[in-house]
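What follows is the residue order along each chain.
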Amino acid sequence: MPDATNTVLNEKKLNQMKVEILRLEQNNLKTREKPDGAMVDAIKKIIVDESKKSY
Amino acid sequence: MLLESLRLHNFRQYKGDQYITFSCDSQKNVTVILGDNTFGKTTLLQAFNWCFYSTVMLPNPEALLNYDVAASLREGDSANVEVEIKLIHSGVHYILTRSREYIKKSGSIHPLQGKIKVSYKGEDGQTENIRDSKVDDVINSILPKDLSTYFFFDTERVGSVSSRKDLAESVRGLLGLSVLANAIKHIGTKTAKTSVLGSIYGSMDLDGDQRASEAILKIQDAQARREVIAAQLENIASEINNYDGRKDQLDTILRDNQTTSALQKKKEDLERRVAQELSTQISTIKALLAEYSAGAMHFYAQPLLRRASDFLHEAKVDDKGIKDLTKATLEDIVKRGTCICGCELSPGSEALAHVLAEMQYVPPESIGNAVRNYRSKVQSFGSGSERILSSIEVRYQELYRSKTRVQEWNDEIEDIIDRIKGKEDMKKFEVELSDVKARLKELNAKRERLIRDDEAAKNKIEQYQKVYDGLVAVSGKNKSTMMYIRYAESILDWLVSTYKDKEGYIREELEEKVNSIFERMYHGHRRVTIDAKYQVTLLTTISDTEIESGESEGLNRVKNFAFIAGLVALAKEKIISKAGEQEFDLSSEPYPLVMDAPFSNADETHTSNISKVLPEVAEQVIMFVMQKDWRYAEPVIADRVGSSYRLLKHSEQFSELKGA
Numbered sequence: 001m002p003d004a005t006n007t008v009l010n011e012k013k014l015n016q017m018k019v020e021i022l023r024l025e026q027n028n029l030k031t032r033e034k035p036d037g038a039m040v041d042a043i044k045k046i047i048v049d050e051s052k053k054s055y
Numbered sequence: 056m057l058l059e060s061l062r063l064h065n066f067r068q069y070k071g072d073q074y075i076t077f078s079c080d081s082q083k084n085v086t087v088i089l090g091d092n093t094f095g096k097t098t099l100l101q102a103f104n105w106c107f108y109s110t111v112m113l114p115n116p117e118a119l120l121n122y123d124v125a126a127s128l129r130e131g132d133s134a135n136v137e138v139e140i141k142l143i144h145s146g147v148h149y150i151l152t153r154s155r156e157y158i159k160k161s162g163s164i165h166p167l168q169g170k171i172k173v174s175y176k177g178e179d180g181q182t183e184n185i186r187d188s189k190v191d192d193v194i195n196s197i198l199p200k201d202l203s204t205y206f207f208f209d210t211e212r213v214g215s216v217s218s219r220k221d222l223a224e225s226v227r228g229l230l231g232l233s234v235l236a237n238a239i240k241h242i243g244t245k246t247a248k249t250s251v252l253g254s255i256y257g258s259m260d261l262d263g264d265q266r267a268s269e270a271i272l273k274i275q276d277a278q279a280r281r282e283v284i285a286a287q288l289e290n291i292a293s294e295i296n297n298y299d300g301r302k303d304q305l306d307t308i309l310r311d312n313q314t315t316s317a318l319q320k321k322k323e324d325l326e327r328r329v330a331q332e333l334s335t336q337i338s339t340i341k342a343l344l345a346e347y348s349a350g351a352m353h354f355y356a357q358p359l360l361r362r363a364s365d366f367l368h369e370a371k372v373d374d375k376g377i378k379d380l381t382k383a384t385l386e387d388i389v390k391r392g393t394c395i396c397g398c399e400l401s402p403g404s405e406a407l408a409h410v411l412a413e414m415q416y417v418p419p420e421s422i423g424n425a426v427r428n429y430r431s432k433v434q435s436f437g438s439g440s441e442r443i444l445s446s447i448e449v450r451y452q453e454l455y456r457s458k459t460r461v462q463e464w465n466d467e468i469e470d471i472i473d474r475i476k477g478k479e480d481m482k483k484f485e486v487e488l489s490d491v492k493a494r495l496k497e498l499n500a501k502r503e504r505l506i507r508d509d510e511a512a513k514n515k516i517e518q519y520q521k522v523y524d525g526l527v528a529v530s531g532k533n534k535s536t537m538m539y540i541r542y543a544e545s546i547l548d549w550l551v552s553t554y555k556d557k558e559g560y561i562r563e564e565l566e567e568k569v570n571s572i573f574e575r576m577y578h579g580h581r582r583v584t585i586d587a588k589y590q591v592t593l594l595t596t597i598s599d600t601e602i603e604s605g606e607s608e609g610l611n612r613v614k615n616f617a618f619i620a621g622l623v624a625l626a627k628e629k630i631i632s633k634a635g636e637q638e639f640d641l642s643s644e645p646y647p648l649v650m651d652a653p654f655s656n657a658d659e660t661h662t663s664n665i666s667k668v669l670p671e672v673a674e675q676v677i678m679f680v681m682q683k684d685w686r687y688a689e690p691v692i693a694d695r696v697g698s699s700y701r702l703l704k705h706s707e708q709f710s711e712l713k714g715a
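So the sequences go chain by chain: A and B.
Taking my numbering, the leading residue of the first sequence gets 1, the next gets one more, and so forth.
Taking my numbering, the leading residue of the second sequence gets 56, the next gets one more, and so forth.
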């Protein structure tokens, strides 16, 4: 049985996610374009898409 | 953001088209518009608010059309009000144009729907219009409305910027913390289904595994409990902070006013004694009056009685007679013929001769007996008068002494009243301090209980997390999902710790900057502190102790400017958040300061100091100033002025902007 708690995170991906999420938040703070639900979806997409990438 | 120009068309008293071009030169970054009261300075500031946000803080805000223009309209005619602002934001040139048409119908002027148009110059130099649905978003991205009051600053209408309730939120927004706070909120928790974490957990394929489901429910319950506890702890911490602050204030007040407190107690004691003494006086007066009523006759009769006694003493009065025996009694005995001793009183008898002889010594032939009786009565009548006099004298002396005491106490009370005049009633502070201490004790006990509960919930989460991880990690899909969760949790941890770091740094930096600016603006010895909610307090040092100081209108004005200048100065700085090798700039854009009557209520030294500091810390300063204040500002700010205008008031309905 794989132990998910021991999953090793990719630092590069992690940092990219952080920056993308902050950029998304900063942009939305200015435009107020996306409501909370849309922001949650957008952040989730950043995490899923970035974690699937292979560098 | 830099403001390039303002165009007004029939906006209130600005009839026709009128323009201001603002200085965008970094060395001469000040634009001054001079005008006295009622010339239209505040209207200029409100033109910014109207153009950006369609709000106007003026009397009769719907009536924007110039009165002369409105009066000249004929039935069915219409006229337009327009404000246009040109600005540069993030290197892009924008033009904001807000307009509103007014029509005359049935003799009255009616406003029609307003319009806003935002355009910008594209990279190719061509002007592009922003879509209507995006206009408000773009304006908010240039200058969020909730921050605008700090930059379109109405000095006379803003009491204290630094004690506004929404201050913390605004400062966080201005200094970039809202980016982190919003990201933290959106990533959320496992229990919040509408958060990133909640959503990812919700997509976990549990394959009907009842135990995993139960484990996640337990985790979610415990997490929910922790969130409730966290909210309660935050409230309690805030309450404790408030009560601690109040306790310090009360301690200081009571320490500083120990003498007042002692005098207050002494005054109360004296007032009690006066009340008791007055009550005693009333009793004494009652007793004195009772004695007087009973003994006055005896006392006042004494001189007359003494004179009568003296007279009778000198008179030769034979007192051979038998007391109270009268002539009528003896005549009756003679008539009866038998004496009371039983002897026959026959004519010529010796017994009759004795009785007849006795008649010579009884009234009316003799008053000896009556005088004897009178003397006896006088003696008994006068016997108590000395005692009454003596008692009345004693009571009178008591009253005299009592009244003297009351007078002395009242004098002392008056003296104390004079000494504590204007000082507060210390007793109420003592009572409040006692309440505050009791409340703090309760809150601390409650906090400890909550911390224990939180620890138990945390242990529960860890326990069930292990169960859950072991169960759900079996499926491949869940492995991916678990990976996303790990990333989300890791990002959340980073966001939370970055937020804490940056917030602490920002508050310290802000306090340092505000103090540095305040020192340059204020010609006195005071310091400011900024608390966790960004509330600013002025402190003064007395005998090596810093205490909260009072604020005059002028001092409050300087504090406001120092705070805003500190914010503007900090907003200009880069606030970088590092994510590995990558850097992210959290800081916002530098903003201009547009100020109406900035020197109102400031003395000439403060005016001069503020004038020197503001152009140094702000990107651009636009100020509407009264001529009288300008005399003190001009010598220090003249070198920084790149553009200046003068307001001419032709009538109540017509002011004109003239380049100076």
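Careful: at least some of the hints might be erroneous.
Under the rule of at most 16 angstroms between Cα atoms (straight-line distance), these lysine to aspartate or glutamate pairs were calculated in the EDC-like manner [claimed, not checked]:
{"no.": "1", "chain 1": "A", "residue 1": "K34", "chain 2": "B", "residue 2": "E137"}
{"no.": "2", "chain 1": "A", "residue 1": "K13", "chain 2": "B", "residue 2": "D191"}
{"no.": "3", "chain 1": "B", "residue 1": "K172", "chain 2": "B", "residue 2": "E137"}
{"no.": "4", "chain 1": "B", "residue 1": "K320", "chain 2": "B", "residue 2": "D473"}
{"no.": "5", "chain 1": "A", "residue 1": "K34", "chain 2": "B", "residue 2": "D192"}
{"no.": "6", "chain 1": "A", "residue 1": "K13", "chain 2": "B", "residue 2": "E707"}
Between beta-carbon pairs, the in silico distance windows are [stated by the list, open to error]:
{"no.": "7", "chain 1": "B", "residue 1": "T596", "chain 2": "A", "residue 2": "N27", "range": "55 to 61 angstroms"}
{"no.": "8", "chain 1": "B", "residue 1": "T249", "chain 2": "A", "residue 2": "N27", "range": "17 to 23 angstroms"}
{"no.": "9", "chain 1": "B", "residue 1": "D586", "chain 2": "A", "residue 2": "K45", "range": "36 to 42 angstroms"}
{"no.": "10", "chain 1": "B", "residue 1": "D299", "chain 2": "A", "residue 2": "K45", "range": "41 to 47 angstroms"}
{"no.": "11", "chain 1": "A", "residue 1": "N27", "chain 2": "B", "residue 2": "E183", "range": "35 to 41 angstroms"}
For the record, the hints were derived by calculation from the structure and aren't laboratory data.
We treat Cβ as the ideally placed atom computed from N, Cα and C, and that holds for glycine.
Fill in: Satisfaction of hint between E137(B) and K34(A), Cα-Cα up to 16 angstroms
31 angstroms, violated
Worksheet item: For the pair T249(B) and N27(A), does the Cβ-Cβ distance stay inside 17 to 23 angstroms?
Response: Distance hint for T249(B), N27(A) holds at roughly 21 angstroms.
Worksheet entry | Distance restraint between K13(A) and E707(B), which requires alpha-carbon spacing of 16 angstroms or less | Violated: K13(A) and E707(B) sit about 65 angstroms apart, past 16 angstroms.
Worksheet item: Going straight from one Cα to the other, do K13(A) and D191(B) come out at no more than 16 angstroms?
Response: At roughly 35 angstroms apart (the allowed maximum being 16 angstroms), D191(B) and K13(A) break the hint.
Worksheet entry | Outcome for the supplied range 55 to 61 angstroms, where the beta carbon pair is T596(B) and N27(A) | 47 angstroms, violated
Worksheet entry | Agreement of K320(B) and D473(B) with the hint, judged by alpha carbon distance not exceeding 16 angstroms | With a Cα-Cα distance of about 15 angstroms, the restraint between K320(B) and D473(B) holds, given a limit of 16 angstroms.
Worksheet item: Within 41 to 47 angstroms or not, the Cβ separation of D299(B) and K45(A)?
Response: Cβ of D299(B) to Cβ of K45(A): about 46 angstroms, so the range 41 to 47 angstroms holds.
Discussion item. Given a hint of 36 to 42 angstroms, does the C-beta separation of D586(B) and K45(A) actually sit inside it?
Written reply: 39 angstroms, holds
Worksheet item: Under the criterion that the straight-line Cα-Cα distance not exceed 16 angstroms, is the pair K172(B), E137(B) satisfied?
Response: 11 angstroms, holds
Practice prompt. Go ahead and decide if the range 35 to 41 angstroms is satisfied by the Cβ distance of N27(A) to E183(B).
Written response: Since the Cβ atoms of N27(A) and E183(B) sit about 19 angstroms apart, the hinted range of 35 to 41 angstroms is violated.
Discussion item. Does D192(B) sit within 16 angstroms of K34(A), going by the straight-line distance between their CA atoms?
Written reply: 10 angstroms, holds
The structure does not agree with the numbered hints 1, 2, 6, 7, 11 stated previously, though it agrees with the rest.
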